[in-house]
Amino acid sequence: MLAVATLTVATVGGGGEARRIRLCADPSNPPFSIQHATEPGFEVEIARAIADAIGAELSVHWFPTAREMAALRQLHEGRCDVLMGVPVTARYTDDKPRLSFTAPYYVMSQVVIAPTVGGASSIERLDGKLVGVQAMTLSDQLAWERGWNRKVYLRPDELFTALVGSEVDAVVVESVFAGPFLRKSPGFTALSLGDPQRDLAIGAAVRKSDVELKEAIDGALVRLRDTRVPAILSRYGILLAQAAPPPSAELGAARSTYLTQCSQCHGVDATGTAAAANLKMFKGTEDDFLRIVRNGRPGTAMTPWRGLIGDDDIRNIARYIKGL
Amino acid sequence: MSPLARFVLVVLALLPFMPTPARAADVTDDRLLRADADAANWLMYNRTYSGWRYSPLDQINAGNVKKLVPKWIFSGGTLGDQQMTPIVNDGVMYTTSTSIALNRVQAVDAVTGALLWKHDRRIPDDVGALVRLIPHNRGVALYKDKVIFGTLDAYLVALDAKTGKPAWETKIADYADGYFMSAAPLIAKGKVVIGIAGPGEMGPRGFVEAFDAQTGKSQWRWYSIPAAGEPGSETWPADTWKIGGGAVWHAGTYDPATNLLYFGTGNPAPWIADMRKGDNLYTMSAVALDLDSGKLKWHFQYLPNDPWDYDTMAEHHVIDVVRNGQTHKAVVQANKLGFVYTLDRLTGKFLSAAPFVKSISWGAPDPTTGKAIENPGRRPTMGGPPVEVCPSLLGGTGWQPKVFNPKTGYLYIPANEFCMRYGYVSDLTYRRGQLFTGNTTEHFSASEQAGVLRAFDVNQNKVVWEWSNRTPLISHTLSTAGNVVFQGTAEGRVVAVDAKDGKELWSFNLGTPQSGGIISYAVNGKQYIAVAAGGTLRSQVWFGKEPKWADATRVNYGDLIVVFGLGD
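Here the protein sequences line up with chains A and B, keeping their order.
Using my numbering, the letters of the first sequence correspond one by one to residues 2 to 325.
Using my numbering, the letters of the second sequence correspond one by one to residues 9 to 576.
Mixed in with the good hints, there may be bad ones.
Coverage of chain B stretches by chain A, computed from C-beta distances (three or more under 8 Å per stretch; other residues unrestricted) [stated by the list, open to error]:
1) 135–146
2) 252–258
3) 376–385
If you're looking for bench data, these hints aren't it; they were derived computationally from the structure.
Beta carbons: idealized from backbone N, C-alpha and C, even for Gly.
When you get a sec, could you build the whole thing from the sequences and use the hints?
What follows is the structure in structure tokens.
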């Protein structure tokens, strides 16, 4: 799954000539890249936007990226200059000393897709259901970690066929695949995992020696970040899946309220800090929780919240914390 | 003569020989103007209008600082944040303390630590969320025979300096909107000038206001966010200006020569930048206001559309900076962004910016124009994963005052090498009195020594030495003519280092986090160092789960003033 679209860009510097960037991209890896004149995949389109922004000419070296090492070799050996679609997290980049990495241009997360009617309405309801995953991906690992019954497929399109044919109750996929599927399949809903730890920031790789190119791409991304990049991503439906609604409106609101009003002291995961209690260890009833939040705990930093957060909202926060 | 009259005469005859409290002279405009030369006293928050926090006293110096011993300890008696800088006038020290529903002001004999009077003001318990979480106050201002301070329920209050009896009070704003006063007032030419706290986290518009120091009557108010139709309002979409933040929550500085007040404005609200697309003037800016009229003379915006709570409320030091043999009348701000900015104080023109921390990933100011150039990928998206960005929102340096020593030419910056994992919630609605921030934050540091006191040569425009500490320095600094810099730590130490090279000379464990002002004063020819301590929510909660800082988060709160002098 790594190096999903290998966009190799090379600068061939020349006195007075326009800069040329060669992109390595898989000829058959939608929606990342595809050897197609008008819809070449979002990675190729973003690479074009970058090239436009820095006044360079872009050419594409079409090369399969399924095998990551082979794709990286294209970059090392100078057949292309930029490889797009690589995770820019330390765990990936730290053992690539010959490469440098640009700033991320989007975030890939994992989502669960289930039928809107009669399907699992929340992540918690997946126990006992059959969940389709793509073999050897982060989604596969996730389903395994959560102990879900999983059925393994090789390609994303096989997964979706299985979902539409009711072969599985739900699928876990990367958000890039979820978006385009949801756009053409109105009967299905995405459930957010609410687990930012699993999100992957995606950027591009260049050869370490191409300092100027890396800087040029980073500079271009500043200008494109709010304009062309989101436009391209949304055209391919990528943002659709990332904005998946939370399990219920009440708990979704409770999550935002908790994170804004409470997490600064009690932590994002509610396990507390030196000066605030671990709320996961709270043994009282929901009524106890309501009373303490309303009245505070005298002599501590826990001040009364009555008048600021309504009783129903406090109860929803209690339920949200329980579900963490 | 009756026996009673004789007794009175005897007492009167003895008065001049009673050591303390001395009869404190009234604090006139003239005394405030010449506070710099009044070495024995610390008459205002930053000691002088220039904001230097430099004491010209040199009895305690690098050679004998090892002989410092505690002379007295005063307990303020609260458990709120202790961020206050004591003020000293002729042997009387004025302090403040806060806790939930309480503002306290106390006058103390500066030689013995004996309590002279105490004023407690009860605060309603339905104030906004931020005040409930971190009640705090940074100190009083003195004018004539009055002690003047801002309150947690957004009043300005004057007390009789000799007795603590209330003289007048003025309601500044409605606390139900989340407004409160945390800054120490600045008093110049008979005006009390103070900025409002709360808006950056609570929503409503920030402002600076001036009041008549004799009567408390409002003179002018300058809003940090223009209303619809005013110049700059085009930088706010729709009605967002009404709840756009821009608190001015730190004391300003003043240049009598230009008659301009210099304030740093805070972050816009909410913290989710996408909810207020545009530059968001005049948040995140240096602003120069005419003292007489409150009119904006110039502004310089450090960071448009701030997405990280990097508010630039820090003080602007009034310094004549020499570069390439040319003297520039400048203001200098070291701020959360991690850079020391030098601006022309007459025009606001950008002169330079130089980094004082290494942990900077948000971007950098353009070296010619000062315009912020952001690195890509550092802005979170609503509901998206947290991003890693440096510095943390507590800043390369934050509100903890920086100190300028004219003898060394160094600005001493309590700086921090740390970062944050920072995200936005997926939805946020403005609700009066609730926090209007919408972020998740976890602080961390790649460095073993996150707190770094750095000496920055304002003429050479670079860091010349550093002294470091394990946890971040959300603590105070003092420099004196005795070639010493004092620095507090969250672990509870106060440390003296050599002002020229940063070599550690002395330290003392206060037993509670150092978090308030460190000042120096003299009474009867003897110099003292006063350290306000007690902790801030920042040092316990905001250090979060960074394991390297766990020791410091276990230190207990306590609201103390510890005064040191040379051993006999």
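Note to self: Cut-off 8 Å, C-beta pairs, minimum 3 residues; does the coverage of the region 376–385 of chain B by chain A stand?
What the structure shows: holds (count 5)
Item checked: Whether chain A covers the region 135–146 of chain B (at least 3 residues having a Cβ closer than 8 Å to its Cβ atoms) -> This one holds; 4 residues, not fewer than the three required, reach chain A with a Cβ under 8 Å.
Note to self: Tell me whether the statement that chain A covers the region 252–258 of chain B is true, taking a Cβ distance below 8 Å and needing three residues at minimum.
What the structure shows: violated (count 0)
The structure does not agree with numbered hint 2 stated previously, though it agrees with all others.
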